[in-house]
Amino acid sequence: MKASYNWLREYVSFNITPNELADRLTMAGLEVESMQSIGDEIKQVIVGKVIQVEKHPNADKLSLCKVDTGSEILEIVCGAPNVAAGQKVPVALCGTELPGGLKIKKSKIRDVYSHGMICSQKELGLGEISSGIMVLPENVNIGKIFIDEMNLRDTILEINVTPNRPDCLSIIGIAREIACILRLPLNIPEIKIDEEPQDINISVTIENEAHYLCPRYTARVITGVKVSPSPFWLEQRLQSIGIRSINNIVDITNYILIEWGHPLHAFDARFISGNTIKIRQAKQGEKFETLDGVKRELTSEMLVIADKEKAIALAGVMGGGNSQIKDDTSTIILESAYFDMSSIRKTSKKLDLSTESSYRFERGTDINGLVNASLYASMLISKLADGKIAKGMIESYPKEFKNKIITLRPEKVNNILGTGLPVSEIENILVRLNFILKKKDKEDEVDFIIPSFRHDINREIDLIEEVSRIYGYDKIKVHTPNIAISSTPQPLSVSITNKIKNTLVSCGMNEIISFSFVCEEQFNKICLSSDDKRRNAVKIRNPLTPEQNLMRTLLLPSLLNAAGYNFAHGNFNLKLFETGRVFLPEEGFELPYEETYLGILLTGNFSYGFDNTLHETDIYDLKGILEILTDSLNLDKSKIDKYSNPSFHPNKCLSLINSDILLGFGGEIHPDVLENYKFDHPVFAMEISIDKLIASLSKDKKTFKPISIYPSIMRDMSLIVKENISHEELLGVIKESEKKLIEEIKLFDLYKGKNIPAGYKSMGYRLIFRSFDRTLKDEEIDKIMQKILNNLEQKLGITLRK
Amino acid sequence: MANETAGKLDEIINETGKAIKSREKAGKLAKDIIDITLPGKKNPPGKLHPITQVLNETIDIFTRLGFQIKIGPEIELDYYNFEALNFPPDHPARDMQDTFFVDDKIILRTHTSPVQVRTMEIENPPLRVIVPGKVYRCDSDVSHTPMFHQIEGFMVDKNISFTDLKGVLELFLHEFFGKNTRLRFRPSFFPFTEPSAEIDISCVICGGKGCRVCKHSGWIEILGAGMIDPEVFKYVKYDSEIYTGFAFGIGIERITMLKFGITDIRLFFDNDLRFLQQF
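If you read the sequences in order, they're chains A and B.
Position in the first sequence (first residue = 1) + 25 = our numbering.
Position in the second sequence (first residue = 1) + 31 = our numbering.
Think of the hints as simulated: they come from the structure by calculation, not from any bench.
Ideal Cβ positions, reconstructed from N, Cα and C, are used throughout, including at glycine.
Some hints could be false.
Unchecked claim - Just the calculated beta-carbon pair ranges, DEER-fashion: (1) S733(A) with K210(B): 54 to 60 Å; (2) G310(A) with M127(B): 32 to 38 Å; (3) A783(A) with S171(B): 54 to 60 Å; (4) R243(B) with E326(A): 43 to 49 Å; (5) M127(B) with K664(A): 47 to 53 Å; (6) S155(A) with K210(B): 56 to 62 Å; (7) N393(A) with M127(B): 24 to 30 Å; (8) G346(A) with V244(B): 46 to 52 Å; (9) E122(A) with M127(B): 29 to 35 Å.
Please put together the full structure from these sequences, using the hints given.
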């Protein structure tokens, strides 16, 4: 809501600056979001008097004017047809810059020098009129600053009015708050109208068929209206808060809307058939063209204002093109009504049509205030458009509004706020807010009658809020609560996720966070098979973009998108992870199952320090991270196994399993998927269910194993192994050969190629032997080594590399 | 005499030998030079996302004050997100939060507040709870993303008043932004709290003198809070004559941006390594 400082001052005579006013309003709950000074751009323009007008010697349409600027007489060339001697006018002297960047200079126009410019409203940024210069009233002083003489210096406050306070969507509403805050009276002018003898009932009747949606409807009839441009003050007022001037009648209804907060509507009586205003629900499928020229199809729950034949307005939202005010309108029917809030909102939402009018009606207008709004508008129409007001007001108001009465316990005020306010201060604040105090017999309770414009006050707590707001939050003390000490553990989902994150960070991985949205195209890109149940995703009805219309069922697309973004920005070496929920619809449940997943992505080259060769990421880097993770979480029953999934390379895909439960899978991204993403490096990724992982966590405590005090013996062996024999098989044979003394077996070399026969690989192992009860001798280890080698040869055909 | 001389000679030879050796050693050491400016050798650790870092810091402060963590669904029933939080159907208050809809009854939660209701439905006071999590609103520009993070906090007991709300939030904001941070509580409106407040802190960039970040006001809006509305208690069958409580909601992206001086919220979700590694 935009409010003019000057306009507000007409209703409350306060003496504080715009800045102070903004601060006081903000601290009372009417947050001033921004302020704009008006008039600053044209503060150099002065008032001049045209003392002589002659025709320009070389141009028919130009005049040569002598203008008195108070200090000198200037010759100015003027093109406006309305310039005449004796006028007081705004003059931009040489050196002045006007809104829009026009700089006034001494210039030659058709061989005659012009020493300045006489300005039109448009040139001053004060309106649309550009057909002639602006002629000022007689009482302005020559040579003085134009904006000061015309009282145009103003500040516009942009106020954020919260949805509970529709009563502040008007100048008078805000003025009422200011009056309360500053303890000043609110000056509402007396409204006086001269009614014609002709009775209104002769010209119009109302038929209200839907009084539950329109509890009150009033209309006044004004005849002999002359539609014309608005006077400068009215145009200026509207312009200052961003409303374009149309004509005097439309401007007056807009002016009342802003000043009184009550939307009015003016119909041209010529187009009302049968002189009847009918308030009814729309017919299902009824067609109606609103003022904005849009043809709309209505539904039966919408309320329309109609005549005998047709709808003439979409009640409370927008008028119809068929009855709008035209230049030759002479009789108008002025509607001032109260509509049901939720009905207006439904209509506005359904038609996607929000107007200044619907905005106020759906928040709640003042059912009692609408009479004065209509009167004040009639008065202005009679003044500014020569209208003659018919006697009386026709009205449909079947059930009179009753003010709410709310009981307040001052003790409760202090309990909620933690204050010690005396009863008198509480009462004083509420009375200043126009709540009417009714003392009761009970000492500890007070009743308040709530004015009709306060829709938000329905309960004791609402009154308590009012007290706190006006008293001032800054005056309420700071206190730390007294509360019993208690201890509850963090949920495992939080603590385990944190542990996983910290482990991965120490492995050199960077955490990413992606939006939870995906789209079907992404499922296709990762080659998700057509019957994969993760294609069944929760769909968003109103996504921001079609690419964000599904809630993710897996993290892989998010990981690959993050990699793609980084590749596009020159970051090719990535170790990324993300934890987040996936959303899995479940038969028979209203809400999807939300499962927390961990996603890992590796790609590119890494090195340890500067004198080492680059290591290109491979599948074993991924496996290494899994091993660190399962070790740090003490997942001692976990196993990494071969797996198969269309997103991954058929031979480089693995799963993490714990006691037969699949915790997750991943591997090298399938070349088809890489192609879909236009990636040209290998990428490795994995997804693990954190929820399943938490469920598999071992309840066993770690227990201490003794450490041997005897020295160890170390032996290395280099083996020629058939390619299809796995490390695990080989280990099995070694462990089988010696069950007691082997402390550690470590693979230190794996090699294929030169000097190794085709179909074979060379594997180097280091074995460490140690006993718990004695120092081992070389001879016994020699024997064991021989046994191991024999077994390897017999069982797996493995030989020592020569 | 001869012995004495021989002894002395031995000593001299010995000394000389030692001297030569130590000179040799010194020479060797002197040649063994390094470039101290070369980078150290390491497998550098990664970084937690800045949002996670700030979430952790925030959670840490509140758990030290005895708050316990609760979580709830991101795809939520209208009932928990709006209705039980006193947003009536067809009420303009619903316009305060641009909502993603799944259908008429199911939405993406627009705040972490539904977990208030979910918690109070199954637990009795006294309660001190924080709820970290993702929330969704259909909005996207320099200061809005369709997904972001919030921490909801609430406390319910006998005799909790507005002064306690001020006390707890002052503790938090002083810990997070520093002891010299000034606070400003001003009235606002949320359907599920009454009285409601918006809390501003003195601008962390200019200290309150006025700058671009605080729009020359000297204040930065930091969180919303208030006393839990009795209507919400009605939904969870708490007696508002016995219990009172307060609730607050903190936007994590906002305080992270202030903490690190980040100017575009979208950077958080681009996941550019050059961004992630800075924090």
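Results of checking the hints against the structure:
{"no.": "1", "hint": "S733(A) with K210(B): 54 to 60 Å", "verdict": "holds, 55 Å"}
{"no.": "2", "hint": "G310(A) with M127(B): 32 to 38 Å", "verdict": "holds, 33 Å"}
{"no.": "3", "hint": "A783(A) with S171(B): 54 to 60 Å", "verdict": "holds, 59 Å"}
{"no.": "4", "hint": "R243(B) with E326(A): 43 to 49 Å", "verdict": "holds, 48 Å"}
{"no.": "5", "hint": "M127(B) with K664(A): 47 to 53 Å", "verdict": "holds, 51 Å"}
{"no.": "6", "hint": "S155(A) with K210(B): 56 to 62 Å", "verdict": "holds, 59 Å"}
{"no.": "7", "hint": "N393(A) with M127(B): 24 to 30 Å", "verdict": "holds, 28 Å"}
{"no.": "8", "hint": "G346(A) with V244(B): 46 to 52 Å", "verdict": "holds, 47 Å"}
{"no.": "9", "hint": "E122(A) with M127(B): 29 to 35 Å", "verdict": "violated, 42 Å"}
Of the numbered hints stated above, the single one contradicted by the structure is hint 9.
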